[in-house]
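S.K.: Here the protein sequences line up with chains P and U, keeping their order. Heads up, the first sequence is in our numbering, so the first residue is 1 and it goes up one at a time. Heads up, the second sequence is in our numbering, so the first residue is 1 and it goes up one at a time.
None of these hints come from the bench; they were simulated from the model. Warning: the hint list may mix true and false statements.
[As the list claims (entries may be wrong)] Once the Cα atoms are required to be at most 27 angstroms apart in a straight line, the calculated BS3-like pairs of lysine-lysine come out as:
| no. | chain 1 | residue 1 | chain 2 | residue 2 |
| --- | --- | --- | --- | --- |
| 1 | U | LYS261 | P | LYS195 |
| 2 | U | LYS117 | P | LYS223 |
| 3 | U | LYS3 | P | LYS216 |
| 4 | P | LYS223 | U | LYS261 |
| 5 | U | LYS283 | P | LYS195 |
| 6 | P | LYS223 | P | LYS175 |
| 7 | U | LYS110 | P | LYS216 |
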Amino acid sequence: MAIHEKSLIESDRIMEHESLVVDGVDVSGHWNTMIKPRYIADYDDDFEKIIQSYGGGENVHRCWQCGSCTNSCTVYALNTDFNPRYWIYLTRLGLKEELIKDKDIIWQCVSCNKCTSICPKDVRPEGVMKALAHWLEDEGHTETSPSHVFDDEFWAQVEKTGRIEDAHVIMNFFKKTKQPLLQPWLTAFTTRMIKHLPFAHLIRMGLNFVFTPRTKSWGRTGKVLRDYVEGEKVAARQRRQQIKEAA
Amino acid sequence: MAKVAYYPGCALEGSGGPYDRSTRALVKALGLEMVNLRDYSCCGAMEVKNVHPMLQTYLSARNLAIASEQMGLDAVMAPCNGCYHNLKKAEFELATSDKAMQTVQELAQKADDPVYKGDVRTLHLLEWLMEELGPEGIKQRLTKSLNGIKIANYYGCMYTRPRQIFPEKDQGPGSESSYQPHFMDDLLAASGAVNVDYPLKTACCGGAHTLSDADTSTQLVLNLLQSAEDSGAEVIATECPTCHSGLEMHQVRAEKEFGIKTQVKVLYFTQLLGLAMGLSPRKLGIHENVSDSIDFLKEKGIIG
Chain P
1 MAIHEKSLIE SDRIMEHESL VVDGVDVSGH WNTMIKPRYI ADYDDDFEKI
51 IQSYGGGENV HRCWQCGSCT NSCTVYALNT DFNPRYWIYL TRLGLKEELI
101 KDKDIIWQCV SCNKCTSICP KDVRPEGVMK ALAHWLEDEG HTETSPSHVF
151 DDEFWAQVEK TGRIEDAHVI MNFFKKTKQP LLQPWLTAFT TRMIKHLPFA
201 HLIRMGLNFV FTPRTKSWGR TGKVLRDYVE GEKVAARQRR QQIKEAA
Chain U
1 MAKVAYYPGC ALEGSGGPYD RSTRALVKAL GLEMVNLRDY SCCGAMEVKN
51 VHPMLQTYLS ARNLAIASEQ MGLDAVMAPC NGCYHNLKKA EFELATSDKA
101 MQTVQELAQK ADDPVYKGDV RTLHLLEWLM EELGPEGIKQ RLTKSLNGIK
151 IANYYGCMYT RPRQIFPEKD QGPGSESSYQ PHFMDDLLAA SGAVNVDYPL
201 KTACCGGAHT LSDADTSTQL VLNLLQSAED SGAEVIATEC PTCHSGLEMH
251 QVRAEKEFGI KTQVKVLYFT QLLGLAMGLS PRKLGIHENV SDSIDFLKEK
301 GIIG
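Chain U with its partners taken away, still in its complex shape (with noise of 0.2 angstroms):
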């Protein structure tokens, strides 16, 4: 099995350290190898490329060239859509600009950072899982199950978005899919949860302005979770820190400025796959999520 280089960016450091935990668990649980990324720095998140589009290239490339110059890596592995996103950008406009990748060499030899010569790849955690193991694989490592419960799995933007980053989503069976996406539906239900008919899987949160335009944030939200709601959903799976956030808060926003509750839990789909690992609630980090599914998942006979 290939190691990867693990990248978690800030956010895994700060607001979503329960997904950095879940992550970090699950993954030595199924038996894989990763190493942390040295000394990494910001990917730039979805603000710097406002500043100027070059800082979030830039950025992004120092962090591929650390895996791949000091680390001897040949591929990074990030669980946060924006990470990802920013990596996936980087590695496309380098590729596809000569401009581009001299810029970024000439900065990187000004700063002494290690250049970045697009001899690494970068893979969400889904992707690593599917290529690693996939739904069999998952299968066979099972030691428990997700009882049935109902999951409506959310993709949110980034990890499928611009679609022309992710050359190799969209290359028919086996591959992912920009449109409609399944990676994380399918291994999943290899660990014993229905994934409900969940027509936003792909919509958006709202990330970008979730404090610089919050009312428009929480109308996105409130979307999102009683549209899971209406499928039939008891649970949203997210993949991302920021999606995470964002339906956390504005949950509780919609609860508490409008009135408007919605009772649909939310969890990182590698919280969910501990479980079926036989992971422990404390491990995975999930009593500190804002939103409470201990009672529901003790009900469902997931956890004792």
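With the rest of the complex left out, here is chain P (with noise of 0.2 angstroms):
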């Protein structure tokens, strides 16, 4: 018989043969596919511990596996193989390998906090997918996602200046992703965008451009931050390994 809803096996574990002899019995033909078994040992119980020392994974202990971010999810509509409701199944199984399957889609999240505003149990899994980005980066199994880039940037801004302003902050994304700046779309919309501005707009563009806005009062602000969240993230960090060595 042939194997309904091969989708929902992995490629790598199906076995395909133009003719195979079983125990001396010929079963080419229909019955010519095989799926290897699995056994999965690698259970991590400390991986939820892990998420949990992140920024936005410190409720994921909380989910019944409802399916409501996954049913509400933006994302999911566009690729169904964006699944927070599984990946938080994973997470508090301690599944990495698994988890890891799916690591360069886990960052595509939009932040459109449908799944944190439908959540019965205040997973708040907006958070939870961002953790488990930053775990992914963490331990090397991606490289920096270029949103990550686009984020530190932003703060890199902030946290000199009290505010951002929009032309560097592209200009420098773009730069660090080695993405070129004069993409057709991007030419089009900026030449419709400066087609109509009045004169002493663009000005004040420029003079900003040159003159980053900047927030008078900061001061001291920028580098106390600097500390505070680099401190939080060496205890975060020290934790991390004292869950490692306890295992």
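With the hints in hand, could you dock these two chains into one complex?
M.R.: As structure tokens, then:
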């Protein structure tokens, strides 16, 4: 018999043979497909705690798998491989290897907060997605995602001046992700944008670019916040180290 | 009428310039009173919380504290959904976690910033207009009409979600709803527009990944534009600079890269209300929008 819903089985576990003889019986043709058996032994009991040590992952233990997050998810509607409920399930079981299979799309959460709004257990899945993306990067499973590059660039400017300037963030982001600034659609957009802009406004934008807007009373704030966050991150890393060592 | 502190945030200083100008012009025309929030900082937008959640809480609390401690005001009004969301989230986090409150206050003392005490509230521009005037107050002040143009009201993500941080929403008649928001519908209907039944009013535009995952954003924006057209809308009214720029950027991208053209115009709701108050398109920054709606507005007899 043919295997229905083959799409639900990972392709590397499906064995198809031109001709196949099992225990002396020729099973070629309709019976040619076998599925490699699978057993799971790599549960990591502490994985949930590791994810909880990242900002946003604190409430992952509350999940009771109702699926509301995935059901409401904006990205799931575009790509059914993007499945927050399933990733929270894997996190709670500690099945890291399974989770890593989806490493390239987890960062694509658009932060629309539909999941967090609807979750009956206050898991805050949007935060869990961020925590998972950060873990994947920390452990070297993924490169720093473009979204993370954007976040860091944004914060670097706020830390320095208290504010951001659009053009700087965009230009630095393109530079750091090695993308050309002159993409045809961006050029078309910019051309249309400045076409009708009043001259005085263009001058102001130019001046903003040179003399970046800043919060005058920003003073020590950026440094105090940076020190605080660095301290928190060191503490979280130590917590993770302790969890690993205890295991 | 209560005076509020106006918090434009970085977006209205930059790419959301027309939203800032139309907000100021509209507020003046309506006879309401607001003063600029003194020397504010960024609210953290959507990015800073991903570096560390406390950064966003602190930045927002700092801005709220400026209003109450330095300016003696008890309300901050933000027209930007991102700013509004972040200020509300900080209010919520600090009202529900003593530990967070203590951290924020300690950091403020260290940084020599005004200390947040929880005695100030955040309003979105839509909420402020509803609180002060409501549809009836708008009607009384009209000098023109939007002449029955068909509008899809687009609220985006951050004005309604997560609903936990907006305790005043979903409180029955008169209050805003987080699932079916209607404040913008009410105000624009009072100005003579016809609101179409728009199923995607709180759908996401992919603003968080406008540049970092452009394909996803373009797809989401196309859903919004095409669904608006299917609903019979001529204009999408926006109330968020990120949504507005996202819609405009990806409308251009869809056209340039995928050859998919959509006709629906994108205008800030403040620009539409301003037109109904008889303000000039130039004053409302309408010609600064990438989505060119001047000819359309002339055709409809809204501008001369």
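S.K.: If a hint holds in the structure, say so; if it doesn't, say that too.
M.R.: Verification of the hints:
1. Pair hint U/LYS261 plus P/LYS195 holds up; C-alpha atoms about 20 angstroms apart against a cutoff of 27 angstroms.
2. The hinted pair formed by U/LYS117 and P/LYS223 meets the criterion: a straight-line CA distance of about 22 angstroms does not exceed 27 angstroms.
3. With a C-alpha separation of about 24 angstroms, the suggested pairing of U/LYS3 with P/LYS216 holds against the 27 angstroms cut-off.
4. With a CA separation close to 47 angstroms, the supplied pair P/LYS223 and U/LYS261 exceeds the 27 angstroms bound.
5. The suggested pairing of U/LYS283 with P/LYS195 holds, with an alpha-carbon distance near 17 angstroms, which does not exceed 27 angstroms.
6. For the hint linking P/LYS223 to P/LYS175, the alpha-carbon distance of about 26 angstroms falls within 27 angstroms, and the restraint holds.
7. The hinted pair formed by U/LYS110 and P/LYS216 meets the criterion: a straight-line CA distance of about 17 angstroms does not exceed 27 angstroms.
Violated hint for the displayed structure: number 4, the only one.
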